[in-house]
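First to last, the sequence lines map onto chains H and D.
Going by our numbering, the residue at position 191 of the first sequence is 191; the numbering climbs one at a time, nothing skipped.
Going by our numbering, the residue at position 271 of the second sequence is 271; the numbering climbs one at a time, nothing skipped.
Hints listed in this document are in silico derivations from the structure and should not be mistaken for laboratory results.
All the pointers check out, no bait thrown in.
If you want the ones that stay clear, here's a sample from chain D, every Cβ over 10 Å from chain H, calculated:
| # | residue |
| --- | --- |
| 1 | Ala25 |
| 2 | Ser36 |
| 3 | Glu53 |
| 4 | Leu93 |
| 5 | Asn117 |
| 6 | Gln137 |
| 7 | Lys139 |
| 8 | Val151 |
| 9 | Val170 |
| 10 | Asn196 |
| 11 | Tyr244 |
| 12 | Pro291 |
| 13 | Gly303 |
| 14 | Ala319 |
| 15 | Lys321 |
The list that follows gives simulated cross-link-like pairs (lysine-lysine, PhoX-like), each with its CA atoms no further than 25 Å apart:
| # | chain 1 | residue 1 | chain 2 | residue 2 |
| --- | --- | --- | --- | --- |
| 16 | H | Lys200 | D | Lys14 |
| 17 | D | Lys317 | D | Lys92 |
| 18 | H | Lys294 | D | Lys13 |
| 19 | H | Lys294 | D | Lys14 |
| 20 | D | Lys13 | H | Lys200 |
| 21 | H | Lys153 | H | Lys200 |
Glycine included, every Cβ here is placed at the ideal spot set by N, Cα and C.
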Amino acid sequence: MTHQFTTLSEAQKRELHETALRIVSPGKGILAADESVGSMAKRLAQVGVENTEENRRQYRQILFSADDRINSCIGGVIFFHETLYQHSDNGVPFVKMIRDRGILVGVKVDKGVVPLAGTCGETTTQGLDGLSERCAQYKKDGAIFAKWRCVLKISETNPSRLAITENANVLARYSSICQQHGIVPIIEPEILPDGDHDLKRCQYVTEKVLAAVYKAMSDHHVYLEGSLLKPNMVTPGHSCPTKYSPEEVAMATLTALRRTVPPAVTGVAFLSGGQSEEEASVHLNAINNCPLAKPWVLTFSFGRALQASALRAWRGHKENEKVATEQFIKRAEANSLACQGKYTGGDNYGDANQRTYGSCHAY
Amino acid sequence: MTHQFPSLSPEQKKELSNIAQRIVAPGKGILAADESTGTMGKRLQKINVENNEENRRCFRDLLFSSDASISNCVGGVIFFHETLYQKADSGKLFPQVIKDKGIVVGIKVDKGTAGLNGTDGETTTQGLDGLSERCAQYKKDGCDFAKWRCVLKISDGCPSALAIAENANVLARYASICQQNGLVPIVEPEILPDGNHDLQRCQYVTEKVLAAVYKALSDHHVYLEGTLLKPNMVTAGHSCTTKYTPQQVAMATVTALRRTVPAAVPGICFLSGGQSEEEASLNLNAINQVPLHRPWKLTFSYGRALQASALAAWQGKAANKAAAQEAFCTRAKVSLRGHEWLSLMMNRH
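Looking at chain H on its own, in the form it has when it is part of the complex (with noise of 0.2 Å):
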């Protein structure tokens, strides 16, 4: 703690900020298209598709052909290894379709989850072995930013110390390493919804996760203007039996950042877990009203709420491509306004009566 050694230039840390910059620019957030190929299994299951390497690429070809009304609402997409070395019908690599149209390339770095012995069922994330000279090739491929999940859950024991601060650790590694490169590291410690907690537990556990997280950043000299959060909302569990209002989820999910995210992280973009595509949208949108002073950027980096209807109207089929597209694209701009407070809603939403928040005092 007592001197400092040089970790990066002055130039190193005006490229990464202004990556980072960019890729949450007004109105912008993420498409997590990085699922791997086990989790794409889950989605083409559900619609009925064999998961094959060609129908992940055929699947992944849908979202990048989205036309340019895209380019106003996606700051960047992050992609599994396998997508980054794949090309569209036409042969045009994937990573040059989306860097054509001005969004920047994320690639997912992490190697899964591995189980920590002598916890109740927790896990850490492995992937560090070589992670140096896989970013460097990375970033020849052109890749610009990259993201690494980490898990923890909540229940009578959990999360344990232990998972905490292991956790914690991982991610200041990774994103330590990521820096080196002039690759942005977006940091993922997601808290699972699953469970009966109520919102202020897992309000609790949230911050308690991130103070820790940012400590270990300050331990392994992370430069935090060249860095993204990706966070869960604060949100009861999915078995919790009372109902809470969007502005309560975006009060409590804004309290616990303000509490522990210091304003030099430069963007925070929500994962949406388990939520549907208007669920995500309506508390992000939430969260942007939230009267709270806001030090960083509040946007989205969403996987199955910018694709659940895409993959849907899909269903393998080369004729449903356009139509799938389409799904997408709204998805897309109902979140650009989402990110801005603008999102007037889908459906359910209707009516423009004064959304209360409440005292942040209760939180």
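For this one, chain H is given, so just place chain D on it according to the hints.
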């Protein structure tokens, strides 16, 4: 880390948050008048005044009985224990004099530094014993906030990991106890300007120290919206050969704070350390003009930088009281708003 146990009710949180907001209301800062008896001795010695209880009372009376308009610039006053129970010439207790002006009363609650064995002259701060009972009493006696000073220093081997962790922990314990008793804790992790280190070094150390402080506050379940931070500005060491402009000091300071202090903290009140009145004001002014988003209020908690001129003008003589008060009022106005504002105000009349 799994379950939350109640620490404060919503009403308690609201009270703490309101007090903090009042102290750092727009345009206002803190007068640190909490010099211990020993420290007052040093101040009074400079103007050849004997360090006795009456003289200490006299000087504080001079400051506290200044024109009521002082409440436009001063949101809170930090008292030393002795002073809390002294009276103005008018016979009114000092806390009442301050409260009557609409200014919040605070109290220094630490009991000074204690050595950390095995370190290179580093310290922690004591005062936790019976702190809860003392806080309850201070609240009854008119206080709404408290202050606790920890000290760190920069050298080849300092600050050590132990010094950082121990001081962060003791600050968090203090903060937690204060809040239980309705007192807003001002958290002061002062990094001394002694040494020849440059601006970057101070910034680096400040970032490490503050990151540890806020992790400790989180671990101890402290309600950030009901606290204030009293840090050093980021400056080069006293013996550093390079000179930096107020803009450089300001940028280094705000950058360090943005990387470590959560937006939930309502206000940051800088200590003046060894800076002159002029230096402290120029730096604070520059800090408030840095073109980076600053989600907390940035103001002052000055001792010497508000009192030096007044002390010099007073010289221990009753006849100089008015002049001394004038000097004090001027410093208070200039500290936050700068010279341009002051000349503007003066030209209006």
